[in-house]
Amino acid sequence: MACNKEFSEQFNTYNNNELNDTVWTAGKPNLDKFADLAKGLTPLIFGESFDAGKGDTINFNEPISIEIPKGSLVNNAGRTQDTGKARVELLWLRKKGDFIKCFKATTSGESILESAGEVFVRMYHYYSGQEYAIHNSSAITIKFRENYTLKNNLQLFQGKESNPLAAGNRIDTAHTWNRCADTSYLPTWQGIMNGANMYGYTIRTNQLRWLGASRFIEKAASTTNLYSVLPQNFTNKNTLVFLVFKNIQSVIAMTPDAASKCFWTKNIPVGTAVKLVSLSQIGTSFYYGEKEISSVAKGAAYKIEPAKKTIAEIITALNNL
Amino acid sequence: MENNHFDHFIREKMQDHESSVPAGLWDKVNPATNAPTGKVIKLHTLKNWGLSAVLLMAGLGSSFVVADSKRYTIGADGNIGATGSNSTNVTQAVLVTETNTIITNTSNKVALLVKLPIVQLNETSKQLTISDKENSSNSNSNYNVFENETFTKFKAANTISFVRNNNLSSYKFSSKDYNKYLNDLKLSLLCPGSNPNSDWYIEPFAGPIYGSKKVTNNTATTSYLQQKDSSESMRIGYAAGVNLVKPISEHFVLKTGVWVSQMNERFSYKTENEIKTTTVVTVRNIIRAPGDTLKISDTSSVQQIGYKNTVVGNRYKTLDIPVIIGYEFSKGSLKFGINAGVIFNMKHGFEGAVYDSSLTAININKETNNVYKTNIGLGLYAGFRIAKDINDKTQLFVEPHFRYNLSNMTTPNTSFNQKINVTGVNVGLRIKIKD
Chain D
1 MACNKEFSEQ FNTYNNNELN DTVWTAGKPN LDKFADLAKG LTPLIFGESF
51 DAGKGDTINF NEPISIEIPK GSLVNNAGRT QDTGKARVEL LWLRKKGDFI
101 KCFKATTSGE SILESAGEVF VRMYHYYSGQ EYAIHNSSAI TIKFRENYTL
151 KNNLQLFQGK ESNPLAAGNR IDTAHTWNRC ADTSYLPTWQ GIMNGANMYG
201 YTIRTNQLRW LGASRFIEKA ASTTNLYSVL PQNFTNKNTL VFLVFKNIQS
251 VIAMTPDAAS KCFWTKNIPV GTAVKLVSLS QIGTSFYYGE KEISSVAKGA
301 AYKIEPAKKT IAEIITALNN L
Chain U
1 MENNHFDHFI REKMQDHESS VPAGLWDKVN PATNAPTGKV IKLHTLKNWG
51 LSAVLLMAGL GSSFVVADSK RYTIGADGNI GATGSNSTNV TQAVLVTETN
101 TIITNTSNKV ALLVKLPIVQ LNETSKQLTI SDKENSSNSN SNYNVFENET
151 FTKFKAANTI SFVRNNNLSS YKFSSKDYNK YLNDLKLSLL CPGSNPNSDW
201 YIEPFAGPIY GSKKVTNNTA TTSYLQQKDS SESMRIGYAA GVNLVKPISE
251 HFVLKTGVWV SQMNERFSYK TENEIKTTTV VTVRNIIRAP GDTLKISDTS
301 SVQQIGYKNT VVGNRYKTLD IPVIIGYEFS KGSLKFGINA GVIFNMKHGF
351 EGAVYDSSLT AININKETNN VYKTNIGLGL YAGFRIAKDI NDKTQLFVEP
401 HFRYNLSNMT TPNTSFNQKI NVTGVNVGLR IKIKD
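Order-wise, the sequence lines are chains D and U. In this text, residue positions in the first sequence follow the working numbering: the first is 1, and each later residue adds one. In this text, residue positions in the second sequence follow the working numbering: the first is 1, and each later residue adds one.
A couple of the hints might just be wrong.
The following label-pair restraints were derived from C-beta to C-beta distances [as the list claims (entries may be wrong)]: (1) U:287 / D:305: 21 to 31 angstroms; (2) U:402 / D:10: 55 to 65 angstroms; (3) D:294 / U:292: 23 to 33 angstroms; (4) U:258 / D:310: 32 to 42 angstroms; (5) U:290 / D:297: 50 to 60 angstroms; (6) U:221 / D:209: 38 to 48 angstroms; (7) U:282 / D:196: 35 to 45 angstroms; (8) U:290 / D:13: 33 to 43 angstroms; (9) U:282 / D:58: 15 to 25 angstroms; (10) D:187 / U:290: 24 to 34 angstroms; (11) D:149 / U:285: 26 to 36 angstroms; (12) U:287 / D:195: 54 to 64 angstroms; (13) D:195 / U:280: 54 to 64 angstroms.
Derived BS3-like pairs: lysine-lysine, alpha-carbon spacing no greater than 27 angstroms straight-line [what the hints assert, rightly or not]: (14) D:237 / U:434; (15) D:275 / U:317; (16) D:303 / U:246; (17) D:237 / U:335; (18) U:214 / U:335; (19) D:266 / D:303; (20) D:219 / D:33; (21) D:291 / U:295; (22) D:28 / U:295; (23) D:266 / U:295; (24) D:291 / U:388; (25) U:388 / U:295; (26) U:295 / U:214.
Partial chain D-side listing against chain U, Cβ under 10 angstroms, derived [what the hints assert, rightly or not]: (27) 225; (28) 229; (29) 255; (30) 259; (31) 264; (32) 281.
No lab work stands behind these hints, which were simulated from the structure alone. For every residue, glycine included, the Cβ atom is placed at its ideal position computed from N, Cα and C.
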């Protein structure tokens with residue numbers, strides 16, 4: 001009737017909006033849509049130029065340094081680059097949040113690693129951008145600080161990347177860590193760096209790109225699978241879930257399962273304190289979720305409820321993991 | 001109670017009254033042969049209103065009254081046929097009263113007048129004839145008491161009625177006619193020459209209305225006006241009120257009252273990127289190992305994005321005081337009236353939604369309204385009334401009407417000017433509240 005207040009609402013969903021897509025894909029998800037999130041989360045990359053013919057030892061503003069010997073660079077033709085201006089770029093992942101920012105879990109296959117730090121280093125011709133490698137007979141030395149207790153049994157791991165390499169800000173879902181052939185423990189150091197007394201590790205290698213100072217965690221007597229569920233909007237097409245150990249520097253990328261619409265991982269020690277972290281990009285919106293588990297129960301499933309966040313808010317949350 | 005007061009009043013005023021006899025009156029009277037057996041009214045000093053009073057009192061006692069336009073006739077049984085023997089002898093317009101018959105008709109209301117003689121007024125000859133009942137059929141005890149001037153005033157009084165065509169025997173009168181006659185008579189006795197119609201009426205009414213909106217640009221963009229036009233459409237509203245009606249003459253009435261109205265408008269708009277959150281229960285079966293299925297029942301919310309079509313009922317409410325003058329007339333069993341006047345808006349309110357300058361729909365209520373005025377000023381009113389009696393005190397009427405508002409309903413700062421003129425039909429009752 002006209003005398004009654006007329007009020008009605010009709011909601012119509014957009015057909016091709018990602019938020020309305022609650023279907024899990026049975027195949028391998030295309031993570032290209034995370035480009036904006038990945039770009040926003042990428043930590044600061046250190047960069048410095050040097051004379052390729054002379055080599056250099058570069059101390060960055062952070063407690064990490066790299067020593068590049070004279071005549072150690074070779075170009076893609078296999079010739080030693082003994083002249084010209086070169087540039088080194090270095091990305092240092094020190095904390096658990098950093099690993100997640102770069103979508104680099106500390107796992108080697110199905111084994112869980114404890115990492116003191118991961119470094120991405122590349123060198124290239126200053127002008128042409130041509131990538132350099134390290135001569136087989138030479139080696140670069142990277143020294144970085146340990147933020148926590150110094151460990152004496154870390155080994156060098158090299159990141160195995162997709163082939164071809166993931167371009168731009170694409171998340172490399174094939175990335176894993178392989179222990180290098182030289183399984184000796186990484187030397188430690190203690191001394192003055194950037195004017196402060198500290199300690200850390202030394203990586204000496206002729207490999208570039210992803211390098212990690214890690215170790216396998218001891219296999220627990222009792223391990224379990226751990227499952228995580230999220231609201232319907234969050235699927236394997238728009239969400240990544242990580243398991244973060246509370247007391248060690250380890251991060252696991254959980255595997256999506258389209259059949260049960262959950263994320264899961266295995267070999268988690270029962271009773272361990274962990275935190276589940278979800279990162280989602282739906283359309284142009286970002287979501288972050290956390291679920292703290294004080295003691296992992298056997299075969300349990302845990303629910304994460306992501307909330308819409310800004311990149312800055314997500315970075316802050318990751319830094320506090 | 002009221003009629004008793006009137007009776008007492010008449011009794012007190014008239015029981016000791018002696019009218020002076022005009023010069024020459026008694027010369028025209030033959031007392032020896034024509035003296036009435038009942039009470040004789042001395043008419044020799046009749047003046048204008050005094051004459052009227054006497055005659056109207058006589059009318060109260062008559063069994064019927066023959067009317068000109070109204071055709072009043074009062075009979076003991078309401079039927080002129082019972083007393084028609086007196087009047088059918090009159091070939092011209094006459095007023096006829098008859099003694100005694102009023103007793104059975106009005107009981108104590110006119111008990112004072114039961115002994116009045118028959119009074120006959122001859123319009124052609126300008127003569128008044130008075131006789132007692134017994135002699136009335138002989139018509140030989142007549143008194144010619146009127147001069148032309150007196151006759152004219154006598155005739156002007158509403159309480160005096162005349163008949164044409166001498167068709168009294170076929171007319172039957174209702175109690176309404178009778179009451180009307182008595183009311184007119186009372187007023188003429190008290191205030192000779194004044195408006196004889198002392199009636200007051202109230203008119204409760206209600207009805208549907210429809211607004212015709214006119215929007216002009218002030219500072220709005222063309223797209224704004226287009227969007228507004230496509231989003232808004234008027235709907236049926238309603239009006240209600242009560243009028244106080246005072247007849248000011250036989251045909252004219254004056255009205256005022258309190259009116260309320262609500263014009264309804266449908267405002268529909270579309271908003272993009274709306275998020276709809278729905279709580280759902282999801283059941284997941286996680287196969288941990290062959291034969292080991294974990295069933296998870298999860299209550300969570302799911303969000304969807306889309307556009308929303310919203311329809312809001314806008315309301316324009318008014319509180320008005322009208323001042324209306326009406327001309328009313330009868331035709332057959334129906335009564336018609338033409339009403340016109342001014343409407344003074346006391347309060348105007350708006351509830352609903354409008355577009356802001358960015359074409360975003362915003363809700364407005366009386367606290368947040370800065371778009372529409374709280375008083376829209378004057379309006380002009382015109383209506384045509386059709387009424388029919390449903391009893392002696394009540395009329396049912398229907399009045400199609402139109403209201404033209406003189407001012408914009410929007411505030412000066414609004415980017416558009418808007419005026420709504422109203423068409424509607426009122427249906428109501430006219431109820432007599434005071435005689």
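Right, here's what the structure says about each hint:
| no. | hint | verdict |
| --- | --- | --- |
| 1 | U:287 / D:305: 21 to 31 angstroms | holds, 24 angstroms |
| 2 | U:402 / D:10: 55 to 65 angstroms | violated, 36 angstroms |
| 3 | D:294 / U:292: 23 to 33 angstroms | holds, 24 angstroms |
| 4 | U:258 / D:310: 32 to 42 angstroms | violated, 58 angstroms |
| 5 | U:290 / D:297: 50 to 60 angstroms | violated, 21 angstroms |
| 6 | U:221 / D:209: 38 to 48 angstroms | violated, 57 angstroms |
| 7 | U:282 / D:196: 35 to 45 angstroms | violated, 52 angstroms |
| 8 | U:290 / D:13: 33 to 43 angstroms | holds, 39 angstroms |
| 9 | U:282 / D:58: 15 to 25 angstroms | violated, 53 angstroms |
| 10 | D:187 / U:290: 24 to 34 angstroms | violated, 48 angstroms |
| 11 | D:149 / U:285: 26 to 36 angstroms | violated, 43 angstroms |
| 12 | U:287 / D:195: 54 to 64 angstroms | holds, 57 angstroms |
| 13 | D:195 / U:280: 54 to 64 angstroms | holds, 57 angstroms |
| 14 | D:237 / U:434 | violated, 83 angstroms |
| 15 | D:275 / U:317 | violated, 59 angstroms |
| 16 | D:303 / U:246 | violated, 78 angstroms |
| 17 | D:237 / U:335 | violated, 79 angstroms |
| 18 | U:214 / U:335 | violated, 35 angstroms |
| 19 | D:266 / D:303 | holds, 17 angstroms |
| 20 | D:219 / D:33 | violated, 36 angstroms |
| 21 | D:291 / U:295 | holds, 20 angstroms |
| 22 | D:28 / U:295 | holds, 25 angstroms |
| 23 | D:266 / U:295 | holds, 18 angstroms |
| 24 | D:291 / U:388 | violated, 80 angstroms |
| 25 | U:388 / U:295 | violated, 77 angstroms |
| 26 | U:295 / U:214 | violated, 64 angstroms |
| 27 | 225 | holds, 6 angstroms |
| 28 | 229 | holds, 6 angstroms |
| 29 | 255 | violated, 12 angstroms |
| 30 | 259 | holds, 8 angstroms |
| 31 | 264 | holds, 7 angstroms |
| 32 | 281 | violated, 14 angstroms |
Checked against the numbered hints listed earlier, the structure breaks hints 2, 4, 5, 6, 7, 9, 10, 11, 14, 15, 16, 17, 18, 20, 24, 25, 26, 29 and 32; every other hint is satisfied.
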